[in-house]
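Participant: Sequence:
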Amino acid sequence: MNPRVVRATAATVALAIGLVPQLPWVVTGSRSRNSYEVFRSAQSLGVDELTPLRVAWFLVPVAALGVVGWLAVGRLRLAAAFLGAASLLVAGVALVVVVAGIAAAGARVGVVVGLVGIASAVLLIVRGSSDADRASMSEA
Numbered sequence: 001m002n003p004r005v006v007r008a009t010a011a012t013v014a015l016a017i018g019l020v021p022q023l024p025w026v027v028t029g030s031r032s033r034n035s036y037e038v039f040r041s042a043q044s045l046g047v048d049e050l051t052p053l054r055v056a057w058f059l060v061p062v063a064a065l066g067v068v069g070w071l072a073v074g075r076l077r078l079a080a081a082f083l084g085a086a087s088l089l090v091a092g093v094a095l096v097v098v099v100a101g102i103a104a105a106g107a108r109v110g111v112v113v114g115l116v117g118i119a120s121a122v123l124l125i126v127r128g129s130s131d132a133d134r135a136s137m138s139e140a
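The sequence shown begins at 1 in this note's numbering and counts up one residue at a time.
Hints may be right or wrong, so weigh each one.
Label-pair ranges, simulated between beta-carbon atoms [what the hints assert, rightly or not]:
(1) L115 / S30: 29 to 35 angstroms
(2) A119 / V98: 16 to 22 angstroms
(3) R4 / S41: 25 to 31 angstroms
(4) V98 / P3: 29 to 35 angstroms
No lab work stands behind these hints, which were simulated from the structure alone. Every residue gets a Cβ at the ideal spot worked out from N, C-alpha and C, and that includes glycine.
Produce the complete structure using the sequences and hints provided.
Facilitator: This is how it looks when you write it as structure tokens:
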């Protein structure tokens, strides 16, 4: 696969991962709430067990920008690590919301984009390995 296509796909998926939390995730009554509102509600109710997850969740857009930055400087494995972690988190949380039966469109999109992000991270790792192998062969 063309390295530029892999990088462009990974960058696009990373930006989608960063935007998915802004979409409506949960429907409660007649109101839709995005993922940040859901985590804030849990915090205001005193559900302290979710604090580490909530902190990680608020860093998802930062990780998405990190992916784009690492791709820009050619660090494919670091980009893959950031993309894989953010994608796994988004897909996991979205899957829980979908299974709970209170999902709005954002959670469903989160499952799909998260799974595509995991696949893109694997492609970056494979691509990064082949680039590293090619560089070490040219040095020898």
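Participant: Now tell me, hint by hint, if it's right for this structure.
Facilitator: Each hint tested on the structure:
no.	hint	in the structure
1	L115 / S30: 29 to 35 angstroms	holds, 30 angstroms
2	A119 / V98: 16 to 22 angstroms	holds, 19 angstroms
3	R4 / S41: 25 to 31 angstroms	violated, 42 angstroms
4	V98 / P3: 29 to 35 angstroms	holds, 34 angstroms
Violated hint for the displayed structure: number 3, the only one.
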